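S.K.: If you want the building blocks of each chain, they are given just below.
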Amino acid sequence: MNERVWQLLLDSFWQILLPGIRVTIPLTLVSFSLGLIIALLTAMVQVANIPVVKQIARIYVWIIRGTPLLVQLFVIFYGLPSVGIILDAIPSAIIVFSFNTGAYASETVRAAIEAVPVGQIEAGYCVGMNYLQIMGRIVLPQALRTAFPPLSNSLIGLVKDTSLAANITVVEMFLAGQRIAANSLEVMAIYCEVAFVYLLFCTVLTKLQTYCEKRMKTY
Amino acid sequence: MLEIKNMKKSFGDMEVLRGVDIKVEKGDVVTVIGPSGSGKTTLLRCINFLERAKEGEMIFDGVHYQLNAIGRKDIAALRKKTGFVFQNYNLFRNKTALQNVTEGLVVARKVPKDEARSAGLKALEKVGLANRADAYPHQLSGGQQQRVAIARAIVTEPEVIFFDEPTSALDPELVGEVLNVMRNLAAEGMTMLIVTHEMQFARNVASHVVFMDQGLVVEEGRPEEIFESPREARTRQFLQFIMDREAPAPQ
Ligand SMILES: Nc1ncnc2c1ncn2[C@@H]1O[C@H](COP(=O)(O)OP(=O)(O)OP(=O)(O)O)[C@@H](O)[C@H]1O
Ligand SMILES: [Mg+2]
Numbered sequence: 008m009n010e011r012v013w014q015l016l017l018d019s020f021w022q023i024l025l026p027g028i029r030v031t032i033p034l035t036l037v038s039f040s041l042g043l044i045i046a047l048l049t050a051m052v053q054v055a056n057i058p059v060v061k062q063i064a065r066i067y068v069w070i071i072r073g074t075p076l077l078v079q080l081f082v083i084f085y086g087l088p089s090v091g092i093i094l095d096a097i098p099s100a101i102i103v104f105s106f107n108t109g110a111y112a113s114e115t116v117r118a119a120i121e122a123v124p125v126g127q128i129e130a131g132y133c134v135g136m137n138y139l140q141i142m143g144r145i146v147l148p149q150a151l152r153t154a155f156p157p158l159s160n161s162l163i164g165l166v167k168d169t170s171l172a173a174n175i176t177v178v179e180m181f182l183a184g185q186r187i188a189a190n191s192l193e194v195m196a197i198y199c200e201v202a203f204v205y206l207l208f209c210t211v212l213t214k215l216q217t218y219c220e221k222r223m224k225t226y
Numbered sequence: 005m006l007e008i009k010n011m012k013k014s015f016g017d018m019e020v021l022r023g024v025d026i027k028v029e030k031g032d033v034v035t036v037i038g039p040s041g042s043g044k045t046t047l048l049r050c051i052n053f054l055e056r057a058k059e060g061e062m063i064f065d066g067v068h069y070q071l072n073a074i075g076r077k078d079i080a081a082l083r084k085k086t087g088f089v090f091q092n093y094n095l096f097r098n099k100t101a102l103q104n105v106t107e108g109l110v111v112a113r114k115v116p117k118d119e120a121r122s123a124g125l126k127a128l129e130k131v132g133l134a135n136r137a138d139a140y141p142h143q144l145s146g147g148q149q150q151r152v153a154i155a156r157a158i159v160t161e162p163e164v165i166f167f168d169e170p171t172s173a174l175d176p177e178l179v180g181e182v183l184n185v186m187r188n189l190a191a192e193g194m195t196m197l198i199v200t201h202e203m204q205f206a207r208n209v210a211s212h213v214v215f216m217d218q219g220l221v222v223e224e225g226r227p228e229e230i231f232e233s234p235r236e237a238r239t240r241q242f243l244q245f246i247m248d249r250e251a252p253a254p255q
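Order-wise, the sequence lines are chains A and B.
Yeah, the first sequence ends on 226 if you go by the numbering used here, and it's all consecutive.
Yeah, the second sequence ends on 255 if you go by the numbering used here, and it's all consecutive.
Treat the hints as calculated values from the structure; they're not laboratory data.
Here the structure is a predicted model, which means the values were calculated and not measured.
Hints may contain errors.
[Said to hold, decoys possible] Which residues of chain A face chain B? A few of them, derived with a C-beta cut under 7 Å, are:
1) Asn9
2) Gly126
3) Glu129
4) Met136
5) Tyr138
6) Leu139
Heads up, the beta-carbon is just placed ideally off N, CA and C, and yes, glycines get one too.
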């Protein structure tokens with residue numbers, strides 16, 4: 008590799024990292040947080056066996072998991088305007104990523120809740136607690152501990168999935184990289200650099216996950 | 005104090021309880037014995053509404069309840085007056101021994117934290133585990149876990165405690181420590197209804213023994229009556245079976 012390419016990589020590094028920090032990371036974090044809330048609610052109504060709401064939850068999970076993320080982005084951003092709903096690119100992306108994360112994570116959370124031995128729930132009733140108290144203090148803390156590794160997985164997956172938002176004009180890391188590549192003609196080098204920054208982000212998350220898991224191992 | 009009349013329960017079309025009557029007076033230690041599958045666990049679970057009986061009546065402190073029609077509020081109120089000790093302890097895995105014990109006080113009864121804490125430590129001391137207050141269940145032996153479970157049951161000062169084979173899941177050398185704790189409770193006048201396979205215990209500690217078979221109370225009486233001169237053939241058969249098992253005849 009010649010000096011010119013190195014210089015280009017160096018110059019473009021910040022132009023790639025910056026949209027990563029300003030768009031990719033916030034988009035990931037906001038979508039993931041909302042997604043977790045959706046997942047928790049979706050899992051809870053199923054575990055609590057609330058009629059109708061439970062069926063709606065199942066249908067939601069079914070649709071989201073059965074359709075491509077890219078198509079969902081297009082439906083919301085390019086499709087909705089034709090029925091009079093016009094959303095900006097970033098809100099569209101947040102909606103799609105949140106509901107997508109919510110659907111997948113709800114299955115993780117549901118399985119983790121169901122893995123808590125039913126005897127502990129019965130013991131909770133026997134000491135006088137009610138359903139919500141048992142859920143909040145006994146079941147969910149244990150379930151979230153169980154769900155932590157697979158949820159970390161989803162988070163790491165989402166970091167990379169946000170690159171799909173490039174297709175609906177969100178200038179996140181990948182779209183920024185695309186533009187630089189188009190101008191410089193050093194396509195290989197620039198895309199590898201983009202990949203490298205994603206790898207960087209995900210490595211940090213993986214380390215964070217390991218650290219948190221160690222700290223949580225109290226029971 | 006607690007009376008059950010004509011309790012019936014089915015799983016599918018299998019009748020597990022076929023009209024059970026049981027009476028527990030204040031200060032009684034009633035032990036329930038009987039072969040596996042006779043419905044002993046189901047009886048306790050129905051009494052504490054972990055299962056719904058399909059028929060029967062409960063009289064608790066003079067108040068009558070229809071077992072198949074009782075409402076959520078009554079169930080919650082009744083549970084607050086009772087304690088339950090499970091065969092496999094069922095401690096909250098994410099809580100320390102002390103937190104396990106105080107949870108019912110702090111959360112369900114809104115007792116102030118420091119008050120609950122001292123009550124919890126006292127209960128743990130009673131079962132000989134005050135020094136393990138901060139241990140998590142997985143750091144305790146089976147016998148210790150069961151003693152924490154007993155502390156959890158007594159800390160709320162229930163009017164009666166139900167035990168479902170509290171020593172059956174334990175290694176033989178750990179059975180004694182749990183039975184000792186229960187013996188002490190009995191001596192203090194705690195009202196208890198105990199399903200057990202520990203015949204020595206049933207005999208020595210109980211004020212009253214109930215023999216169940218196939219979903220019915222076959223015979224009941226004072227321990228001497230049941231163990232020394234049982235009236236029913238089925239009772240004799242069962243006791244003989246247990247004795248053979250516990251002390252196999254020399255070859
Ligand atoms: N949840 C359930 N669903 C279906 N059948 C059940 C259920 N619980 C218990 N049974 C059945 O009811 C019968 C009585 O069970 P129960 O557990 O009350 O017996 P037990 O006297 O406690 O026996 P053991 O001494 O083995 O503990 C058994 O035949 C059992 O298979
Ligand atoms: Mg049983």
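S.K.: Each hint needs a verdict: does it hold in this structure or not?
M.R.: Results of checking the hints against the structure:
1. Asn9: Where the cut-off is 7 Å and the nearest Cβ of chain B is about 59 Å from asparagine 9 of chain A, the hint is violated.
2. Gly126: holds, 4 Å
3. Glu129: Constraint on glutamate 129 of chain A satisfied, holds at 5 Å.
4. Met136: holds, 5 Å
5. Tyr138: Not OK, violated: tyrosine 138 of chain A not within 7 Å of chain B, min 10 Å.
6. Leu139: violated, 10 Å
Consistency note: the structure conflicts with the earlier hints numbered 1, 5 and 6.
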